[in-house]
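The two chains are supplied separately, each in an independent frame; assemble them into the complex guided by the hints.
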Amino acid sequence: MEVVVCVKLAYDETQIPVEGDILLLERAPVKVSDIDRNAIEEAVRIKEKLGGTVTAITVVTGPYDETVLNEAIAMGVDRAVIVEGLREHNPLKTARAVAETLRRKGIKYDLILCGEGSSDQYSCAFAPALAEYLSIPVLTFVGKLEVDGNCVRAERFLETGYERVESDLPAIVSVTSEINEPRIPSVLQVMKAGRKEKVQVRSEELDLTAPELKVSEIRAYVRERLRKKLDGGMETALKEILEILREKGVIS
Amino acid sequence: MRALLISDSLNLPKLLSPVSELKPSYVEAITNADSPVSVDRLLILKGDITNDCWVDVASERAKGFDLIALPASRDMREVAARIAARLGLPYVSGVTQVSIDDDIKASRLCFGGRGLELISVKLPSVLSFDLSAFEPSTGSPRSKEELGPRCDRRMRVLERRGKVAEVDLSKAETIVSVGRGLKRKEDLEIIRKLASLLGAEIACTRPISADLKWLPEERHVGMTGVRVRPRLYLALGISGQIQHVVGFRDAETVVSVNVDPEAPIGEVSDYFVIADLYEFVPKLIEALERK
Numbered sequence: 005m006e007v008v009v010c011v012k013l014a015y016d017e018t019q020i021p022v023e024g025d026i027l028l029l030e031r032a033p034v035k036v037s038d039i040d041r042n043a044i045e046e047a048v049r050i051k052e053k054l055g056g057t058v059t060a061i062t063v064v065t066g067p068y069d070e071t072v073l074n075e076a077i078a079m080g081v082d083r084a085v086i087v088e089g090l091r092e093h094n095p096l097k098t099a100r101a102v103a104e105t106l107r108r109k110g111i112k113y114d115l116i117l118c119g120e121g122s123s124d125q126y127s128c129a130f131a132p133a134l135a136e137y138l139s140i141p142v143l144t145f146v147g148k149l150e151v152d153g154n155c156v157r158a159e160r161f162l163e164t165g166y167e168r169v170e171s172d173l174p175a176i177v178s179v180t181s182e183i184n185e186p187r188i189p190s191v192l193q194v195m196k197a198g199r200k201e202k203v204q205v206r207s208e209e210l211d212l213t214a215p216e217l218k219v220s221e222i223r224a225y226v227r228e229r230l231r232k233k234l235d236g237g238m239e240t241a242l243k244e245i246l247e248i249l250r251e252k253g254v255i256s
Numbered sequence: 016m017r018a019l020l021i022s023d024s025l026n027l028p029k030l031l032s033p034v035s036e037l038k039p040s041y042v043e044a045i046t047n048a049d050s051p052v053s054v055d056r057l058l059i060l061k062g063d064i065t066n067d068c069w070v071d072v073a074s075e076r077a078k079g080f081d082l083i084a085l086p087a088s089r090d091m092r093e094v095a096a097r098i099a100a101r102l103g104l105p106y107v108s109g110v111t112q113v114s115i116d117d118d119i120k121a122s123r124l125c126f127g128g129r130g131l132e133l134i135s136v137k138l139p140s141v142l143s144f145d146l147s148a149f150e151p152s153t154g155s156p157r158s159k160e161e162l163g164p165r166c167d168r169r170m171r172v173l174e175r176r177g178k179v180a181e182v183d184l185s186k187a188e189t190i191v192s193v194g195r196g197l198k199r200k201e202d203l204e205i206i207r208k209l210a211s212l213l214g215a216e217i218a219c220t221r222p223i224s225a226d227l228k229w230l231p232e233e234r235h236v237g238m239t240g241v242r243v244r245p246r247l248y249l250a251l252g253i254s255g256q257i258q259h260v261v262g263f264r265d266a267e268t269v270v271s272v273n274v275d276p277e278a279p280i281g282e283v284s285d286y287f288v289i290a291d292l293y294e295f296v297p298k299l300i301e302a303l304e305r306k
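Read top to bottom, the protein sequences are chains A and B. Taking our numbering, I'd label the letters of the first sequence as residues 5 to 256. Taking our numbering, I'd label the letters of the second sequence as residues 16 to 306.
This is chain B alone, in the form it adopts within the complex (with noise of 0.2 angstroms):
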């Protein structure tokens, strides 16, 4: 099975992972900048790498591959399904778990991560990687070679900003996290201070990041953020709407506070304190101050 991996220089030795796992003969990388990979070859595409090339050069380069792996980040869920659909070959996103006999069998999250699908397709075909589960593999290219590729560039870029990253909570052993239970953004100093004293990572819902703005994207844990799986989850004034939950399914314990006795945290969770965050944030804060 010779394998093709398309993919930004940072996320490239986290795929490789479950690549490898498939046993390849042959592996080649496409990736945009140096990086520490043990692929057969490596290629480099230099320059300003927009969708559009990165789908003209894999598509070109396609040949002759069994499985053409990309992570399942934005920009290359994107390319995955354009490649797919240019050389009309079969295409599975999100792929969490994936094993070979005949044919590819891969399974993904779906309903908002209540749901596990095993999808069976046919070789040669187009993976997406949910990259959350797994290590870097990392070691050296066997062979390195840069392209400065000339592509056609439908969409125009006209500035990039980048978001500096203040966290990576899929590593977090302990974090605190909030929903629409807090009330103002002033009282995350609260959590903040709880937080500080149990030495854990802030996390919340999508709510709280993306409409209300109070935290950073990379704080939202969810079906469209973060996977987590730390060893204590601590979920205060989550509701516990199915989106969220599937963003902590692997944490080892997991303690909510809810005021609502029926809110359905109540049945994702180990432990379920039936009290006004409110109310018990400043006792807990209290009693480990105490101490």
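Pulled out of the complex, with its shape left as it was, chain A reads as follows (with noise of 0.2 angstroms):
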């Protein structure tokens, strides 16, 4: 079986530091996308079973961090291919990027996985993208999944229930964070990850025809609060949370 997994590499938005309404996002530290770690280890975990390998490919269009990767490799995957050159964060284009280089690289692929959504963006539109431009099977938002021979059955995650599905391989298909607990590589695996094959792409070398966006502004989004904090013992908060609650008309 041969799996490819697709792996963004993004700033980590939990500390991200603001001041004012601007995210001083160079001062963040970069991580793999939280629910591309979920897509990895399901790779992993479907060559450990079937055999065969893992390729990942990751789309640099934001921060990039040799180790960070490496943390992603060391999970199991057998080579990486970085392609870099790109500046936006446009998930057409970044599909349009990793079907020319799975063209291009002759990358054989029964199985595409990648996460629901990425966690700087979430557009959840790099998998249904992809899929339409390899004219291939795509499966979104499964938290549950099973390769059988030449199909692949799953369980797709929706807001108003589950759905039971399957397609052909090959195939797309993007996880949720339910469908496992990835797996946290130790320091010496980091290390060896860092010798498995990396094959670099230039973007320039690849037709990514694809429609623009132009993104003018990304600002903090913050909402002031007065920030009190009630420390003064037990029963003074209490009655302070008890007018706040009548205040609110929550409570006569």
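Please keep in mind that the hints were generated in silico from the structure rather than gathered at the bench. Quick caveat: nothing in here was measured; it's all calculated off a predicted structure. Possibly wrong hints are sitting among the right ones.
Unchecked claim - To give an idea of the interface, some chain B residues facing chain A are shown, with a C-beta separation under 7 angstroms as derived from the structure:
hint, residue
1, SER88
2, GLU93
3, ALA100
4, GLY103
5, LEU104
6, TYR106
7, SER108
8, LEU133
9, ILE289
Quick reminder that beta carbons are idealized off the backbone N, C-alpha and C, glycines included.
So, in structure tokens, the structure goes:
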């Protein structure tokens, strides 16, 4: 089973310093986008069960940190492909870059996995767009997955319920965080991951026709709060809370 | 400007609200059941409609439209991106606000709700809308037609299991919400008791619903859950991860209770009680019962 897993590196949104309405992105650490770790875990589990290889592809559109990529590889990826030269957050263009890279580099795939959405933009558009560019089936928001011969069966987790679905391979599957618990590689595994095969691709080598988006501004989305600490003991706090409940009309 | 709406019938009246603000000259909607919306033409797809069908029908129909609008639900996020890729149109997802001059200017949340992104795109384009802040716009269609589409089913649906939603939190006036500070599922009982005394709905963070499954998913407040706007949000044992915080950003007043004085929830609360919820909640219940 040849599994390709698509991985995004992103600023850790939980650690972005904010000044006024400015996000200080350059001071935020870089991480593997949360749900992509579930996708890697699933890819590695499939390989462990059925044999084959796991190829990770990352298209660098924002921050890049080789150590962070090595953490992803250390989960059990056999080789990594890094596409560089793009600077924009446009999931359709990223999908085009992956489709082109697969084709030009002759990378074989039975199954392509990715996270349901990235922790920075959460468009959830990458997997569906890639499916269109490759003309293969897509199963999105998958919380349970089973590969059976030339077929995948999955359970899609939707707002209104669950959908049990199947499709032929090759297919693209976007997973939700419920699908598994991603393993945490050891320091030694991360060091060894640095020696795994890495293929560099320049975006100029690729035909990246995709519609344009212009991001004109990103600013912090803040709502000012009173931030009043009630630390004068339980009784005082209780009194104040009851007063607030009364003020808000919650109790009479 | 000609707008094409693609939506399940339940979300369609809400979806029409942001689109109407753009003053389209003609509006057509493709949906899966009759829906009380004031559009020029309502096309109702009959039969078992999978995402592959939505994409095929909408892509066929989209020629000549300037704006293709969908709800940012999980299914429709897939459908929107595929239509955009298939037709070579720009796509902006999860739009919270939109305006138009020559181009479309759309805003959307990013970085787990920490940031707001302003994006401009040329028409024609595809937009999916975050409908949590919009009210339904109802009326009746000027013309109606039923279609039984034939489509290429790459994905086969074997079974659908609906969840019976207990509650629509986006409408709740008072919300009592719990996070990992709650140690055992049984302890939900005291939270239920408090909620009932306050006439409040119960909500939670993602770990409580998705990982521990102590509460159903529709009670999960956050970036990937429900966005709420109550008059009062009472956060109990919640650390204040940004992915959760974005879900109650529009609450009028936020009161939180956390044993850790350094918990980030303090920064996004109006009143922050530094206390163990296991001490505070029983005392609050007692005080409320005394009244």
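These are the hints, each one checked on the structure:
no., hint, verdict
1, SER88, "holds (6 angstroms)"
2, GLU93, "holds (4 angstroms)"
3, ALA100, "holds (4 angstroms)"
4, GLY103, "holds (6 angstroms)"
5, LEU104, "holds (6 angstroms)"
6, TYR106, "holds (6 angstroms)"
7, SER108, "holds (4 angstroms)"
8, LEU133, "holds (4 angstroms)"
9, ILE289, "holds (5 angstroms)"
Every hint from the earlier list agrees with this structure, and none is contradicted.
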